[in-house]
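Trainee: The residues making up each chain are set out below.
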Amino acid sequence: MSSTDLNVTDGWTLWVILGLAIITVVTRSFFFLSNTEWHLPHWAQRGLQYAPIAALSAVVVPEIVMTQGELIATWQDARIFAAAVGVAVYFAKRNVLLTIVLGMAVYLPLHLGLGW
Amino acid sequence: MFWQRKLYQHPEFKLGVRDLAPQAFGQIAWALMTGVALVKSGMSVFEAVFMTLVVYAGSSQLAATPLIVAGAPAWVVLAAGFCVNLRFVVFSLHMRGYLMHLPRWPRIVTGYFNTDPTYVLFTRRFAHPANTDELRLTQEAYLAGLSFANWTSWISCSLLGIALANAIPTSWGLGFAGILCLLGIQCSLASSRLRVLSAIVAGIAAVLAYALPLKLNIVLAILMAVFACLMAEQFKAAKERLA
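Chains A and B, in that order, are what the protein sequence lines are. Quick note: the first sequence uses the working numbering, first residue 1, plus one each step. Quick note: the second sequence uses the working numbering, first residue 117, plus one each step.
For reference, chain A alone in the conformation it holds in the complex (with noise of 0.2 Å):
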């Protein structure tokens, strides 16, 4: 088990992280791991359409709206501003740059200025 004092490394942990490593290599080629030839139904290649904004948007949306598993109850947020201009400068310059940028621009001031 995991040891309890903090700058001590144990073996358990190392072989944890090795199987993590592992399942970092299985995700990633999962459909390729295999040289059988095979192909994909018709469904399954038109979801791959959708597939990764929806990752994504899955991954991203609730780190805007949520704090520590709840949705967010008030609009004093940096990160709804944030996000918004940044929505609003991609669409607008098509630049993922200026979108980190921007956004950061109004998200530091909001966040460590007023607390938000």
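Note that these hints are calculated values from the structure, not bench results. The beta-carbon is built from N, C-alpha and C at its ideal position, and this holds for glycine as well.
Derived coverage of chain B by chain A (criterion: at least 3 residues anywhere in the stretch with Cβ under 8 Å from a Cβ of chain A; other residues may be distant):
| # | stretch |
| --- | --- |
| 1 | 159–168 |
| 2 | 183–193 |
| 3 | 210–217 |
| 4 | 329–343 |
Put chain B on the given structure of chain A with help from the hints.
Mentor: Quick look at chain B alone, frame taken from chain A:
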């Protein structure tokens, strides 16, 4: 793989590095905070460095760490890591057509280095797998450039984060830059009405199902969004047949 001469000398390699640069920039703060978070939540410095170098999956590292520290059974930690990584299974299905010409091990190594930003940028630039050897090499070189830029920036910033763990307060919220980065990529994918529908359904479902254990809300949200879009396609096709 980016250490092969035929790939890093190909002009597409440089293009891949350049296309990834903005994402890498946005990822800096995120990677830093991941490094900080690993140490802050109770990993030893050696464990955090080892994890950063071999696991190479920020979201699964962040999901697994509290479980490891709490002494959860290994299978629970690994199951959580697998679920957070399920999106990569979807990516691998898509990448199959682009990589099957490679022998098994190079294919698997290429897969290992394929993360969210590299996958999205690669499939945005190449909508279809190559049908000539020359084009295959072009695609491989572009992917190698993306992977190289992403791996070096992620690993170096994570390690820096581990080193600085006690100097940067988590309360600054610098990790939010990573979310803005993903948000920008998400917007760049919103190229059709059905994809917008997919994003809306997934976003709402992920929030409503947030209480599910092991981050299963993300898997459920993806499944529901894809299902909704396939249904909408069917509905549209049926309406066109009637018209």
